[in-house]
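Chemist: Spelled out, the chains give:
Number of protein chains: 2
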Amino acid sequence: MATGLLTDLYQLTMAAGYYEAGKTQERATFELFFRKLPADRNFVVAAGLQQAVDYLLNLRFTSEEISYLRTLPQFAHTSSGFFDMLAGLRFTGDLFAVPEGTPLFPNEPFLTLRAPLVEAQIPETFLLATFGFQSMIATKAARVVKAALGRGVVEFGTRRAHSPEAGVLAGRAAYIGGCEGTSNTETGMRFGVPVFGTCAHSWVMSFTHERDAFEQLQKLLGENTVYLIDTYDSLEGARRAVSLGRPMWGVRLDSGNLVELAPAVRKILDDGGFRDAKIMATGDLNEHKIHELIAARAPIDLFGVGTELATSADAPYLGVVYKIVELEVSGKKRYTLKLSEDKRTLPGSKQVFRYADHDLLARSTECPSCPPGSLPSEALLRPVIIGGRLVEELPTASEARQHAAESISKLPAPCLSLFESKNAWPVEVSAELECLYERVSEGVAR
Amino acid sequence: MATGLLTDLYQLTMAAGYYEAGKTQERATFELFFRKLPADRNFVVAAGLQQAVDYLLNLRFTSEEISYLRTLPQFAHTSSGFFDMLAGLRFTGDLFAVPEGTPLFPNEPFLTLRAPLVEAQIPETFLLATFGFQSMIATKAARVVKAALGRGVVEFGTRRAHSPEAGVLAGRAAYIGGCEGTSNTETGMRFGVPVFGTCAHSWVMSFTHERDAFEQLQKLLGENTVYLIDTYDSLEGARRAVSLGRPMWGVRLDSGNLVELAPAVRKILDDGGFRDAKIMATGDLNEHKIHELIAARAPIDLFGVGTELATSADAPYLGVVYKIVELEVSGKKRYTLKLSEDKRTLPGSKQVFRYADHDLLARSTECPSCPPGSLPSEALLRPVIIGGRLVEELPTASEARQHAAESISKLPAPCLSLFESKNAWPVEVSAELECLYERVSEGVAR
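So the sequence lines, in the order shown, correspond to chains A and B. 293 is the number of the first residue of the first sequence in the working numbering; add one for each residue after it. 293 is the number of the first residue of the second sequence in the working numbering; add one for each residue after it.
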C-alpha cells in the first residue's frame, strides 16, 4: 500500500526543509483536536483511529512517488539525501489516542503523536481528514439514533457520500455512532458491520406488474422480505403486499406524507393479519424529521437515513487541527504555541481526565487527585503505537459502538439535546497547564 | 482491483432476484441526473466520468467477496448459479456520457447506461457517489473562481475532506471547475494536476526564532518561497521577510482581518523593494468572502480555499438519482417511469441538445432541426463505452478544465450569479418526449 503522497505538498516541502536544516533528529509532539463544537452539537464522538493506525503502520514512499516529487519545482533545490531518506521512511514514533466511540469536547486531543519531525509532519493531512470526517459522521449518527428513541436506524447514504470510499467509511462511523448497520456491502465485509437492503424502485419497475415484482422478491427473501410499496401508490402497494399472504419482514415507505401514510399502512397490515410485519421509513430523513414523526406517533419501526447522515449535511465538516506542542532537541524540551488571533493553542503534551460531571485538560505528566467524594477520573489518551509498533489490537467497530453507547449514556441530559446547550459539559484546564501557557506565551521567541 | 462490494447491498439482492426470476437477458437503460439545483446554483459542472469508467472497466467480484455474500441472510434462498455468475461478471454494456466539465441543468442525464439488468443495477451506488460528489466540488470551484475575478484560486481542503481519498478526488474536481491546482500531492501525481504548497505554522514554530524559519525556507525554495507571516504577528512577519532581502514568490496571510492586513503588508513589501512579491490569502475563505475582499480592493493575488471548497460546505450534496427508463426483453422495448409524489421520472432514453440560449431534452432517437436563424445544436451525450470497451481515451483533467472554462463562459450572466437566478437557462422538453410521457404514464402497469 503506497500512501506517501496522500498528503498536502507542504508537508513534504517542510520535511525537505527539516532535512536540509539538519532537524531530522528533533522529536516533535503534535496533538489533534477541534477548537469549537459544530452547530447544535454538544459533543463529538471520536472515530477514525483504526484507519489512522493502518496508515501510520504502512506509511511509505514508492520509487514512482519519489520520481514524481523530483519533478516538482518545489524540490528544485533539495538534495538527493532527502529523497533517499524518504525511500526508507517508516513511522517509528509513538501514538497515544482516545478509544473510538469516546465523546470529546473542544481542545481535547483525539491523539498525541510523538516522532522525529519528518515522521510527525507528513501524516498531518491524512490524520485530519480521517478523524474529522469519521468523527463528524459518528456524531451525526448519535444524534439521529437519539431522536429515534430506541427504534433502529440504518445508514443508507453511500450514494450521496463524498466518493465511494467515503461511503464505506461513513457506514463504519455511523455504526460506531449507534446505527444498527449500513447498506454499504464493502463496509460489511471490511469492518464486520451488519448490512441491510432488499430492493429499490428499479426492481419494481423492471416487472410489468407490481404484483410480479412483489412475488419474485418474496421468493428471493422469504421472511426477510421488505416490500417497497410506494412506486405507484403506497396504500395499494400495502394491500398488494398483504394480499400475497406470504411471510415478510414488512414494508418500506420512501415518499409521501409519512405521518398520514404510516398509520394507514399499519392498519392495512394489521387488518390483513400481519400484526408482526414492520414498517420501515426512508427518504430524506434526518434527526429532526424523525423526532417529528415519533412525536406524531407515526408507527414506524425502523428508519433508513441516507444523504444527511453520510454527509453530516447540517455540519459537513469538523474543524480539526493538528498542532505542534513540544519539540525535543538533543534531550532538551521546548514548548510551542501559536498566538494568531482566534487560533491560539495550549503548549505541551496533554492528558484528558474524565470525571463524573466534567473533564480536566491537564499536562500529560500530571496525576490529578480526585476531589473528595468524587469518583476517580479516567485518563482518556492511551498508548496505541510505541516505537512504531502497535501495542495491542484495536477494538472492533462493534466494540467501539458499544463504548460509544456506554459513554454517551453517562453524559447529562443537556449534552444529548439536538440543539446547543451552553457549557453542558465543563472542560477545565489544570493550574499546571495554565501556568505553562502563561510562561511560554510570555517567553515565546519572535 | 476488487470493486464488486462497493455498492449498496440491495443492488446485489436485486441482482440475485433478476437471476432467480430469469431476467438476466433483459437489457435495461438507466439515466443519472439530478431533479433540482442545489441552493444558489444555476448550473452544475459535470465531473467524475473518469472514475466511473475506471470502475465499469474493472468491475469484478473476488472469491473472498463472494464467500462473504454467501454468509448473509439476504442470500439464504439464492441458488449457487447466481454466485457463479457473479464470479464471471464483467461490464459488457454501453455508456453514453457528457464530457467532464460540461455545465448541466435539472433532469439532464450525466450518463445513459445500457446493459443486461444485473450489470446495469450493481454500478448505481458507485456512479451516484462519484458523479454527485465530484460535480458538486467542480461546481463549488466554479463559483469560487468566478468570485475571484481572474485572481487565482488553489484548492487546499484535503484535511477537511470526507476521508483522504475524497480529498484526492476533490482536488481533481476543483481543478476541473477552474482552480489553478491543489495542495494534494496524490492528486498531482495521479491526475497531472499542478500542486501547491510551501510551509505551515508548524514549520515556523519548530524554530526558536521566526527569522531562522524564514531563512531556512528561503534556502529551500529560493524564488518559490512563500513566507507564512502570521504565526506571531503578521506585520512583523512581513517586515522580517523583507529584511532578509532574498528572492521570494511572496507571503501568505492565514488569519486576522485581511481587508486591513493585506494593504499594510503590500506597503511593507513595496517599501522594501519587493513590488513583484505576491500576497496569498488563506483561512476559512469561500466565494462570498473572496467577493467582499475584492470589493474592498484588498491587494490579494492568490486565494487558497480549503474546507468550504473540498466539502462544498453550503451545499454538501447533490441530489443525483439513477433511474431505469427503458427495458428490452427479447427485442421488445418497454418504457418505464416512476409516479411517486414529487419524484416523477421521464421515460425512455434521452439526448440533451444544447442551443445558444437553451437546452432541449429530447428522446435519444430524435434529430431536432435548428430553429431558423439559430446556431446548430450540440448533442451532449456521447458514446464512451460500447460493448464493454472504451471507445477512446477520455480527456485529461486539464482538458476537462479547459472544456469547463469554455462552456461556462458561454452561459449568460444570470447563470453565473452566486445566487439563484430563476430560469437562467431554459430546459425545454421535446414534443416527442412529452408525448411518450403521457402515453406511458396513462398505460403504466400497476
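Hints were generated in silico from the structure; no laboratory data involved. One or more of the hints may lead you astray.
It does not matter which identical chain is meant; a pair holds if it fits inside one copy or across any two.
As the list claims (entries may be wrong) - In the SDA-like style, the derived pairs of lysine to any residue whose C-alpha atoms are separated by at most 25 Å in a straight line are:
1) 625 - 607
2) 581 - 726
3) 559 - 313
4) 625 - 641
5) 315 - 515
6) 625 - 723
7) 438 - 349
8) 511 - 500
9) 581 - 605
Chemist: Does each hint hold? Answer for all of them.
Modeler: Each hint, compared with the structure:
| no. | hint | result |
| --- | --- | --- |
| 1 | 625 - 607 | neither (38 Å within a copy, 45 Å between copies) |
| 2 | 581 - 726 | neither (43 Å within a copy, 35 Å between copies) |
| 3 | 559 - 313 | neither (76 Å within a copy, 31 Å between copies) |
| 4 | 625 - 641 | within (11 Å within a copy, 68 Å between copies) |
| 5 | 315 - 515 | between (65 Å within a copy, 23 Å between copies) |
| 6 | 625 - 723 | within (20 Å within a copy, 77 Å between copies) |
| 7 | 438 - 349 | neither (35 Å within a copy, 42 Å between copies) |
| 8 | 511 - 500 | within (17 Å within a copy, 73 Å between copies) |
| 9 | 581 - 605 | both (14 Å within a copy, 21 Å between copies) |
Violated hints, listed in ascending order, are 1, 2, 3 and 7; each of the other numbered hints is respected by the structure.
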